[in-house]
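**Student:** Next come the chains, spelled out residue by residue.
Number of protein chains: 2
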Amino acid sequence: MTDLPALSSFTAQVRPALRKTLEKTISSAGNHGTPHLLEMITYQLGWSGENAGPKAEGKQLRATFTLLACQAAGGDWRDALPAAAAVELLHNFSLIHDDIEDLGEIRRGRPAVWKVWGKAQAINTGDAMFALANAALLDLSESVSLETALQAGKLFHTTCLRLTQGQHLDIAFEDQDQVNLESYWQMVGGKTAALLAFGLEAGALAAGANPEIQAHFKDFGHYLGMAFQVQDDILGIWGEEEMTGKSASGDLITHKKTLPVLYGLAQKREFAKAWNSGEITPATVPQLAEILQAEGGRAYAQSTADRLTDLALESLRKAQPQGEAGESLEKLAKKLLQRAS
Amino acid sequence: MTDLPALSSFTAQVRPALRKTLEKTISSAGNHGTPHLLEMITYQLGWSGENAGPKAEGKQLRATFTLLACQAAGGDWRDALPAAAAVELLHNFSLIHDDIEDLGEIRRGRPAVWKVWGKAQAINTGDAMFALANAALLDLSESVSLETALQAGKLFHTTCLRLTQGQHLDIAFEDQDQVNLESYWQMVGGKTAALLAFGLEAGALAAGANPEIQAHFKDFGHYLGMAFQVQDDILGIWGEEEMTGKSASGDLITHKKTLPVLYGLAQKREFAKAWNSGEITPATVPQLAEILQAEGGRAYAQSTADRLTDLALESLRKAQPQGEAGESLEKLAKKLLQRAS
Chain F
0 MTDLPALSSF
10 TAQVRPALRK
20 TLEKTISSAG
30 NHGTPHLLEM
40 ITYQLGWSGE
50 NAGPKAEGKQ
60 LRATFTLLAC
70 QAAGGDWRDA
80 LPAAAAVELL
90 HNFSLIHDDI
100 EDLGEIRRGR
110 PAVWKVWGKA
120 QAINTGDAMF
130 ALANAALLDL
140 SESVSLETAL
150 QAGKLFHTTC
160 LRLTQGQHLD
170 IAFEDQDQVN
180 LESYWQMVGG
190 KTAALLAFGL
200 EAGALAAGAN
210 PEIQAHFKDF
220 GHYLGMAFQV
230 QDDILGIWGE
240 EEMTGKSASG
250 DLITHKKTLP
260 VLYGLAQKRE
270 FAKAWNSGEI
280 TPATVPQLAE
290 ILQAEGGRAY
300 AQSTADRLTD
310 LALESLRKAQ
320 PQGEAGESLE
330 KLAKKLLQRA
340 S
Chain H
0 MTDLPALSSF
10 TAQVRPALRK
20 TLEKTISSAG
30 NHGTPHLLEM
40 ITYQLGWSGE
50 NAGPKAEGKQ
60 LRATFTLLAC
70 QAAGGDWRDA
80 LPAAAAVELL
90 HNFSLIHDDI
100 EDLGEIRRGR
110 PAVWKVWGKA
120 QAINTGDAMF
130 ALANAALLDL
140 SESVSLETAL
150 QAGKLFHTTC
160 LRLTQGQHLD
170 IAFEDQDQVN
180 LESYWQMVGG
190 KTAALLAFGL
200 EAGALAAGAN
210 PEIQAHFKDF
220 GHYLGMAFQV
230 QDDILGIWGE
240 EEMTGKSASG
250 DLITHKKTLP
260 VLYGLAQKRE
270 FAKAWNSGEI
280 TPATVPQLAE
290 ILQAEGGRAY
300 AQSTADRLTD
310 LALESLRKAQ
320 PQGEAGESLE
330 KLAKKLLQRA
340 S
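Top to bottom, those sequences are chains F and H.
Following numbering that gives the first Met the number 0, the numbering of the first sequence begins with 0 at its first residue and continues without gaps.
Following numbering that gives the first Met the number 0, the numbering of the second sequence begins with 0 at its first residue and continues without gaps.
Think of the hints as simulated: they come from the structure by calculation, not from any bench.
Each hint should be verified, as a subset may be incorrect.
As the list makes no split between identical chains, a pair holds if one copy fits it or if it spans any two.
Derived PhoX-like pairs: lysine-lysine, alpha-carbon spacing no greater than 25 Å straight-line [unchecked claim]:
#1 Lys23 / Lys153
#2 Lys118 / Lys255
#3 Lys334 / Lys58
#4 Lys54 / Lys333
#5 Lys330 / Lys317
#6 Lys267 / Lys256
If you're wondering where the values come from, they're calculated on a predicted model, not measured in any experiment.
For reference, chain F alone in the conformation it holds in the complex (with noise of 0.2 Å):
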């Protein structure tokens, strides 16, 4: 991140204080006798086990939009800070159940938490995470009203609830000859969009913004969300390997549902013919990716992305984000849906 200084010094000043809110709420809970769970614990939040480290814990950027959010509200970010270890416990806890419900054996580089202790201990690990995120929230109270603290605490749970609708979809979906564009939609809402946007709803309450900011403050992380899960379909097809850490065209391989499949499925041409032959191996993806960039699927998943993301930063304008935090967010978003501007 050496073309955002701003943002480099504040998530410089974000880490250690985000593992400080962790640490307290995962020792305020207690151990009772179970010394193993935290190990399970720790290991997935990247600070124990082989190769522990800022890749085993991940970009933390839900909980870096949260932080900003709240001070480009104008508030101190540090209000928004049990806010933003909710998010990561929560995206956390997310990860280890996608992990063995998808049979997702590497996370980070490193081994599943699942294919390290078994399956059974992995839910659970993931259920103790789901309870710390819970917990973590609710120490807003001590920063924020008793009735924003309990506000925040009804979206996480509605957030929650969306999260795994999302998640319920894309595992339903892999069962599926036919998927249509509104349940994808659905998905995508839940499962990617929908925790970015309480990360932001959630740090400009903690501000103490009025209600439509925070509205708007919601609507760009949702925009965002949506429009960086279908820049991640398109890199699925046609992304570089060295860029994305996946093998490209991995997605094809996958039969996994995305945006451009989807389109090409609705074509009926000679992408949906290949796709629904069910021989798709390596070797005939290259040619496959090219058909369906020649039958419009790449330039519909790209303008569709694009329209996303216009709406991700009108919405930003709209909630009048103020001062270096603003301008950080505005340029994280672009980042991250790799705008050059």
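Dock chain H against the given chain F, drawing on the hints supplied.
**Tutor:** Chain H in isolation, oriented as in the chain F frame:
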């Protein structure tokens, strides 16, 4: 429950009210294009699917204790409905995940959720019910003060974490040759006692009882849960199949490390030798149960259960429970612990 007329009439009022509260929580959260997720949730609650009905719904003991505590602490049981719904949803969430973790195929006489819809969807459905439990609880703010609602939230999150700590130990015990008594009590305290203790404390909290009275209700729930588990351990080895609905001595076949077994292992005599030989079959189990009884395992567990029951009833007396609800609490506890008087 023909021997408990007051309780029976209470239950007749409670069940529909609890159902209405649960339905309100579930529907107010919104569907977002996921009717099948809703189907899994209502199946787990016993409302839908084959053989839906009271048996599939379960006894709802935890919710009943919560509501009785509120009434017995001088409140109106209706004020505790959000807490009772939260307890019921959390209990059901934990059952879904427990069944996946220990491969339990039957739950309340029907196939477990994971047997019907697969593990991925079942894990996620449990997560959704966890989110719903949290959402249900915060509706307390409609009937009690914000402070009280927030306090209940904090207690609930600690309880959820205790539940996962207990479950962590329970899973870990399977792979351990030795389990010390301290770990056993930590496990039971989290897995069985914590949620009962929360329900009773939350009921008293919703009634506006003073902290001392709340603490006695909590202790009542804690000791009740502990006593119940030890009683269940005894029944799992020496119970009549007819009474328990499980095959007698089933816990010996599955090599479950219950309190009588831990006692027997500590004696390092014939029972320990047979257990460690690893050759326990349905044919040898009755003899093994006899040996364990002869070595004092049953008597030890029974005297422990009796001591815990006394502690529970003493805590209840200190809580000064009022009226018919107070009597019902005592009767229900005794019935649960199979005390004649």
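**Student:** Does each hint fit the structure? Answer for all of them.
**Tutor:** For each hint, the structure was consulted:
Taking the shortest alpha-carbon separations for lysine 23 and lysine 153, both the intra-copy value of 23 Å and the inter-copy value of 15 Å come in at or below 25 Å. When the C-alpha separation of lysine 118 and lysine 255 is checked against a cutoff of 25 Å, the pair qualifies both within a copy, at 24 Å, and between copies, at 19 Å. With identical chains, the CA atoms of lysine 334 and lysine 58 are at most 25 Å apart within one copy only, with a shortest distance of 13 Å there and 54 Å across copies. In the homo-oligomer, the alpha carbons of lysine 54 and lysine 333 lie at most 25 Å apart inside one protomer (22 Å), although the nearest pairing across protomers, at 55 Å, exceeds that limit.
Within a single copy, lysine 330 and lysine 317 get their C-alpha atoms as close as 16 Å, which meets the 25 Å cut-off; across copies the closest is 61 Å, which misses it. Taking CA atoms no more than 25 Å apart as the test, lysine 267 paired with lysine 256 passes inside one copy only; the shortest distance there is 15 Å, against 59 Å between copies.
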